[in-house]
Amino acid sequence: MEAETLAQVFWDRVTRYIERPAQRVKQGGRWVDVSWRALGEEVRELALGLLALGCGPGTAVGILARSRAEWVRADFAILSIGGVSVPIYPTYPAPEVAYIARDAGVRVLVVEDPGQLAKVLGAADELPGLEAVVLIDGERPIPFRERPQVLTWQELRARGRARAGELAPRLEAALRDTSPAATATIVYTSGTTGHPKGVVQTHANHLAVLPAAAEIMGVREGDVHLLFLPLAHSFARLQAFVGIYAGLVTAFAESLEQVGANLREVAPHFFCAVPRVFEKVHARILGEVAAASPLRRRIFSWALGVGRRVSRCRQERRAPPPLLRLQHALAHRLVFQKLHRALGGRLRFCVSGGAPLDPAIAEFFHAAGILVLEGYGLTETCPILTANRPDRYRFGTVGVAFPGVELRIAEDGEILARGPNIARGYHRRPEETAEAFTPDGWFRTGDVGELDADGFLRITDRKKDLIKTAGGSFVAPQAVENLLKRDPLVSQALVYGDRRPYPVALLTLNPEELERLARQAGLQPAGLADHPLVRERLERAVQAANAQLPSYAQIKRFAVVPGDFTQEGGELTPTLKVRRRVVSERYQALLEALYQEEPRPA
1 MEAETLAQVF WDRVTRYIER PAQRVKQGGR WVDVSWRALG EEVRELALGL
51 LALGCGPGTA VGILARSRAE WVRADFAILS IGGVSVPIYP TYPAPEVAYI
101 ARDAGVRVLV VEDPGQLAKV LGAADELPGL EAVVLIDGER PIPFRERPQV
151 LTWQELRARG RARAGELAPR LEAALRDTSP AATATIVYTS GTTGHPKGVV
201 QTHANHLAVL PAAAEIMGVR EGDVHLLFLP LAHSFARLQA FVGIYAGLVT
251 AFAESLEQVG ANLREVAPHF FCAVPRVFEK VHARILGEVA AASPLRRRIF
301 SWALGVGRRV SRCRQERRAP PPLLRLQHAL AHRLVFQKLH RALGGRLRFC
351 VSGGAPLDPA IAEFFHAAGI LVLEGYGLTE TCPILTANRP DRYRFGTVGV
401 AFPGVELRIA EDGEILARGP NIARGYHRRP EETAEAFTPD GWFRTGDVGE
451 LDADGFLRIT DRKKDLIKTA GGSFVAPQAV ENLLKRDPLV SQALVYGDRR
501 PYPVALLTLN PEELERLARQ AGLQPAGLAD HPLVRERLER AVQAANAQLP
551 SYAQIKRFAV VPGDFTQEGG ELTPTLKVRR RVVSERYQAL LEALYQEEPR
601 PA
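The sequence shown: position 537 = 537 (the working numbering), numbered continuously.
Some hints here could point you the wrong way.
[To be verified] Okay, derived cross-link-like pairs now, DSSO-like style, lysine-lysine, Cα gap no bigger than 30 Å in a straight line: (1) K338 / K119; (2) K338 / K280; (3) K119 / K26; (4) K280 / K463; (5) K26 / K280; (6) K26 / K464.
[To be verified] Cβ pair distances, simulated, as ranges: (7) S255 / K468: 40 to 48 Å; (8) E254 / I409: 37 to 45 Å; (9) R309 / S473: 31 to 39 Å; (10) A94 / R312: 48 to 56 Å; (11) L533 / G446: 37 to 45 Å; (12) A38 / A162: 18 to 26 Å; (13) R346 / P532: 20 to 28 Å; (14) E536 / L324: 35 to 43 Å; (15) S255 / E536: 52 to 60 Å; (16) S255 / G563: 16 to 24 Å; (17) L533 / G129: 28 to 36 Å; (18) I409 / L326: 38 to 46 Å; (19) G122 / G569: 18 to 26 Å.
Note that these hints are calculated values from the structure, not bench results.
Note that the structure is a prediction, hence the values are computed from the model and not measured.
For every residue, glycine included, the Cβ atom is placed at its ideal position computed from N, Cα and C.
From just these sequences and the hints, can you work out the full model?
Given below as structure tokens:
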């Protein structure tokens, strides 16, 4: 019988693949494989341990940790008992953690280390329903607490082993009796404003997309993929689920800082990332080229031109002519081979999601021989609606609808969707759930876009983010921001101007490019943000962006923000999207000052 829940999929793979590698983790300076058998044994002990704590079908269990192998093990232990998994971003402060745990009714919370434990225990008075905390790394603190009691990861496993004979029938019953329509997880959207909302996702929602995701990506059993995005976000969770569904080897990055080294060491066949990752790599390459000798710059320019011609052929599904193939092979050896080696050397494709990717960056990587496939979806769509595919892609779009997904463009341009992957609604928010759907059952994505004749979807912006100038013209800020970030010196950009006479922008600087610029000019990077050299460079970046925009969307004035936007500072979401309300409120005085003087000519 075909598996009907996520847990049944997991245990089917454990039985099928046995001693083949399921996970790859770095321990003691070397990469170690964990077999499907060993993975299953640990998940079984954890599941029995949760049952020993009084959990069962419908129990909400939270996970507060960075992306690591234990995160996935905890997730499938929760799903195996018919529980409800509640991911929480480890970057969230204590009040936000307490809000989510309280809202979801979390009874047991898995935390990563003593730092996360202290965060939870400090908010324990606000969590009367929290009965136990499980600590992945570190020792259980003294003195002993009755509520919430604190156990180590190994103690939870030991409890499961000790009571296996008694509790095994309950585990088997949960695996057998959990309905596909049962809630598998409540995922709280990171959001750009206000408290996050809990999206109620069922087993059936996820299983509606996994077969197509594995087939469309062309992954094969045993393929290696590197996971480094936050598993509290649905995009990374989909990557983890595909790994289980397709029998892949999931390698877990040591940290975000080590992703570059881990890519070279693991040599993945694919990985998933947010646009910010590709933007940073692109900016670094352009910065290195700009600092190179004139001869190297000419060779790079020639190679990129060759790559772009090959890219056009492949986009048009025709073979490059023989001479161009020879030139491309030489360009790869002289220029692009270094980039391929930096990404492990056997990469077939990358997947970009979570925010719009600048088409110019996708085309740049394709010219270098690396295919970046952009997809689109939301937490509410578990989390995919459309995707470009290795054999059918169009840069500047987010691809075509997934099998079983229907798309429609409303009169105001909003993208509407329906399909078996659409989540049930928002936890304990019936009014907002009702508002999320049209009267005839279509989900309102909140994004504005257009479908071309071949069914490729192009996202123009978030409906709520659209700027309406005082003249009545609509400006899509994300598109303008992507144009501004094409200059390697610009790290982040925020376009502002709703009900104002013209758009303005706040810019942050890329410290690596700023340091390179300082070296070239014989200056110190400190204080260089206000230097005329930097101002002139940013003026050129703004002019280059404006040249591609209609007059009403052009940036008339801009200001440089000291320091970059960060998650810790509250300006970025955990998926590195700018929190517009936070940034605009924080720099309101600076934005107002941009409207005090006459704008410069466009």
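For this structure, which hints from the list above don't hold up?
1, 6, 13, 15 and 17
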